[in-house]
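Undergrad: Here are the chains, one letter per residue:
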Amino acid sequence: MLKDKVKQKIAAWQKKKEYEKKIAELKKRDPFTYKNF
Amino acid sequence: MIKLGISAFYHDSAACLTNGNIVIAAAEEERFTGIKHDSSFPINTIKWLLRSTSTKISDIQEVHWYENPDTKDDRVKTIFNKRPIKTFFLRQRYNKDKKNNSPEALLKKLGYTGKIVYHDHHYSHSAFSYFTSPYRDAAILTVDGVGEWETTTISRARGNKIEKLISIDFPNSLGMLYSTITSYLGFRPNEGEYKIMGLAPYGDPSKYFNKLEKVLDNTSNKFYLHQKYFTWEYSDKIMFNKKLCQLLELPPRLPEEPLTQEHKNLAAALQKLYEREFLKLVKKAKDLTGSQNLCLGGGCAYNGVANSLAYTFFNSIHISFAPSDAGSSIGACLEGHTKVSPYLGPYYVNDHVRKILKQYDSKLMYSNLDDKKIIQKTAELLQDQKIIAWFQGKMEFGARALGNRSILASPTDPKMREKLNYVIKKREGFRPFAPSVIEDQASKFFDIKESVPYMNQVVKAKVDFLPAATHIDRTCRVQTVNKEQNLKYYKLIKEVGRITGIPVVLNTSFNLKDQTITISPKQAIDRYLSSDIDFLVINNFLIKKKHVKR
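Residue numbers (our numbering), protein chains in the order written: chain Z, 2 to 38; chain A, 34 to 583.
Hints were generated in silico from the structure; no laboratory data involved. Remember, it's a predicted structure, so these values are computed and weren't measured experimentally. Be aware that a few hints might be false.
Said to hold, decoys possible - Restricting the straight-line Cα-Cα distance to at most 25 Å, the calculated cross-link-like pairs of lysine-lysine (PhoX-like) are: (1) Lys-448(A) / Lys-29(Z); (2) Lys-28(Z) / Lys-270(A); (3) Lys-22(Z) / Lys-276(A); (4) Lys-28(Z) / Lys-448(A); (5) Lys-36(Z) / Lys-448(A); (6) Lys-448(A) / Lys-410(A).
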């Protein structure tokens, strides 16, 4: 049970890191937003 | 009274010249600069307007600006003040841009010191839509990313009066939501939205609908977006944060990554959600006005699939030829109804074309035919499955090529779509092409409620022999063509119908990958030479590459 929970936590953490990496990469692309200012 | 109408600094900058309530000429700045959706002050367009109409800057009595910079400034400063530290550098940049983008200062540089009239952003959308419509009473629904504060408005129009009834303000924006998921799927916002529309029929909306729906707060009557998923208020780099990724349980796609079924499913869910929310607004417009007629405006009025759903509540729908910000340069000038065609841009006489052609003697062969012969010959070539670049008369205003700057092909050849996408336009294979059809025969081939002259409704094809111009779900963004609209194009399609029995041609804009629509004969020739297009027709000149067998 505990092992499963740890596995889930690790998987969620890995996904979070993947999302952060992708977002950081997209931010480098210019311009990747709708101009609203 | 001669007026200069201007829209600038968001996207699709444009300018027009009107006299009384007549639109004399108009164009988008991107056509002159080659920068897609160019948002800069439309200096090249203004210079062309003055030059081509022999108007002096001193002849202009009023300038009509499509939005109110003070109200926009209020919105931007208000949202910056919510996060003063996070937006510090953004604010510096904004202030610098504001100083450089002052309409008064820019117009003064051109020698204009007269009156400048500022209109609300969504009023300009409404006016363009309603005053170019055939209605004398209508509901008007405008939906876009954002104007000053407003992102959506519903108005009632009667005679020459437009009365705003309700509005939704930033950051609650259906347009921004669509753009966010566009960027999430690796396409450029404010450009790739139509790719999402094209992708949606390949997906299963149910996979992501329930997750995506959670960005909306459905507890109140108003359209409300949970801002915890979005970064519109403090970032000019990206539109979403990792909370949206966690909600969707899907990593965002980088532009170079392959499109997977999951991406298609998300596109389908977004389109479904958009349609649901759009339809709620349409119903509200009906309830508030009781009108049978609906005018749609704002950039979201390019969503042809959703537009067609508005017939659920209205008998008649009008969407003008440039519902996004470009059209607002015209809307800002109009005080009443006007008959205006989308063919408002530069045109070139045959002598000019001949001069340009002489510069390409070593590469091109050409013949100058009369109207009847050029139409006959082009129709025969289309029947022979040739791809024709068709350059005629005045350039269209708005995002659609409507038969004057078009690439034409046979809609019946099943391989034509792949050839055009991969070989000619070098773009994604899922993207559909549009059919142009003779108006009075359109209902034989398409399930249409009324004429669709500007390609802004997606309808079902009734027949299965137009595979190149219909999408995977047998829908298409049809253009109906009549004599009054575009006589030469009408005659061409009619001739195609006479030869083949099907008065339909495949029509896509005359541009190659990442290019703006072709503006001049020289550009047309250069693009023709750099592509695998079989023939080029400029006015009455039939042109072919010297190495191509006829």
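Undergrad: Does each hint fit the structure? Answer for all of them.
TA: Hints, one by one, checked against the model:
Only pairs whose Cα atoms come within 25 Å are accepted, and Lys-448(A) paired with Lys-29(Z) is rejected, the gap being roughly 38 Å. Distance hint between Lys-28(Z) and Lys-270(A) is fulfilled; the C-alpha atoms sit about 5 Å from each other, no more than 25 Å. Between Lys-22(Z) and Lys-276(A) the alpha-carbon distance is near 14 Å, which keeps this suggested pair within the 25 Å criterion. The hinted pair formed by Lys-28(Z) and Lys-448(A) fails the criterion: a straight-line CA distance of about 38 Å is larger than 25 Å.
Note on Lys-36(Z) and Lys-448(A): the hinted pairing is violated, with a Cα-Cα distance of about 38 Å set against a maximum of 25 Å. Taking the CA atoms of Lys-448(A) and Lys-410(A), the gap is about 22 Å. The hint holds against a cut of 25 Å.
The structure fails hints 1, 4 and 5 (numbered hints given earlier, in ascending order).
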